[in-house]
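Participant: Spelled out from the first residue to the last, the chains are:
There are 2 protein chains.
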Amino acid sequence: MRVGLVKNAERIPRTRKLIKLSVDFGDESRIVVAGIGDQYQPEDLMGKKMIFVVNLKPKNIAGVESQAMLIVAEEADGKVHLITVEDEVPLGSKVW
Amino acid sequence: MRVGLVKNAERIPRTRKLIKLSVDFGDESRIVVAGIGDQYQPEDLMGKKMIFVVNLKPKNIAGVESQAMLIVAEEADGKVHLITVEDEVPLGSKVW
Numbered sequence: 659m660r661v662g663l664v665k666n667a668e669r670i671p672r673t674r675k676l677i678k679l680s681v682d683f684g685d686e687s688r689i690v691v692a693g694i695g696d697q698y699q700p701e702d703l704m705g706k707k708m709i710f711v712v713n714l715k716p717k718n719i720a721g722v723e724s725q726a727m728l729i730v731a732e733e734a735d736g737k738v739h740l741i742t743v744e745d746e747v748p749l750g751s752k753v754w
Numbered sequence: 659m660r661v662g663l664v665k666n667a668e669r670i671p672r673t674r675k676l677i678k679l680s681v682d683f684g685d686e687s688r689i690v691v692a693g694i695g696d697q698y699q700p701e702d703l704m705g706k707k708m709i710f711v712v713n714l715k716p717k718n719i720a721g722v723e724s725q726a727m728l729i730v731a732e733e734a735d736g737k738v739h740l741i742t743v744e745d746e747v748p749l750g751s752k753v754w
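Chains as they are written, first to last, in the working numbering: chain A, 659 to 754; chain H, 659 to 754.
No lab work stands behind these hints, which were simulated from the structure alone. Among these hints, one or two may not hold up.
Copies of the same chain look alike in the list, so a pair counts if it fits in one copy or across any two.
[Unchecked claim] Cut-off 25 Å, straight-line C-alpha distance, at most; resulting in silico cross-link-like pairs (PhoX-like, lysine-lysine):
no. : residue 1 : residue 2
1   : Lys675    : Lys752
2   : Lys715    : Lys752
3   : Lys675    : Lys706
4   : Lys717    : Lys752
5   : Lys706    : Lys752
6   : Lys706    : Lys737
7   : Lys665    : Lys706
8   : Lys715    : Lys665
9   : Lys715    : Lys675
10  : Lys717    : Lys665
11  : Lys737    : Lys675
12  : Lys675    : Lys717
13  : Lys675    : Lys665
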């Protein structure tokens, strides 16, 4: 897992809860599809440093190639909480 | 991974950087050995909600059975940053 900064976030049209993120990991950028659009707006995610699983095979989700997975905390009832990392943590830092 | 609260933290004697944590996951408590005592004091960790890998085999570290692994962010030069979760996230919440 690595620390990435959400540089852009937009809903994927004709989906109920998919948000497409452009994430900066310092040495590279990746497109990430997150399925939390039922609980968060794209602007809630913009500018946040969060944690991503980066060693997965890219996956086509609703026509978009997702190149990492956003890590969140999820309550038993499905309520999702973002996990943000302090500003001082450099992009691309390893999380383990 | 799950969200846990550090209820107690103490150095493991005769080790350079091992700290023994007692972590509350809501429905259970676990002992966790973390190797960040060169950069953090036990009192830095006390009372913090953090993320733990809980599906590992228990591991004996310096004579203490560690029953989970603390997740932190690590810079390329080895500097470690804690990843804390907001107070409102219930103990035991799944992180994925």
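Participant: Now tell me, hint by hint, if it's right for this structure.
Facilitator: These are the hints, each one checked on the structure:
1. Lys675 - Lys752: Between copies only: 20 Å across chains, 28 Å inside a chain, cut-off 25 Å.
2. Lys715 - Lys752: both (18 Å within a copy, 22 Å between copies)
3. Lys675 - Lys706: So Lys675 and Lys706 pass the 25 Å test inside one copy only (19 Å; across, 31 Å).
4. Lys717 - Lys752: both (22 Å within a copy, 22 Å between copies)
5. Lys706 - Lys752: For Lys706 and Lys752, the Cα distance is within 25 Å both inside one copy (17 Å) and across copies (20 Å).
6. Lys706 - Lys737: Classified as both; 19 Å inside a copy, 21 Å across copies.
7. Lys665 - Lys706: within (8 Å within a copy, 29 Å between copies)
8. Lys715 - Lys665: within (22 Å within a copy, 38 Å between copies)
9. Lys715 - Lys675: within (22 Å within a copy, 36 Å between copies)
10. Lys717 - Lys665: within (20 Å within a copy, 39 Å between copies)
11. Lys737 - Lys675: within (14 Å within a copy, 36 Å between copies)
12. Lys675 - Lys717: within (17 Å within a copy, 40 Å between copies)
13. Lys675 - Lys665: within (19 Å within a copy, 36 Å between copies)
Consistency with the previously given hints is maintained throughout, with no hint failing.
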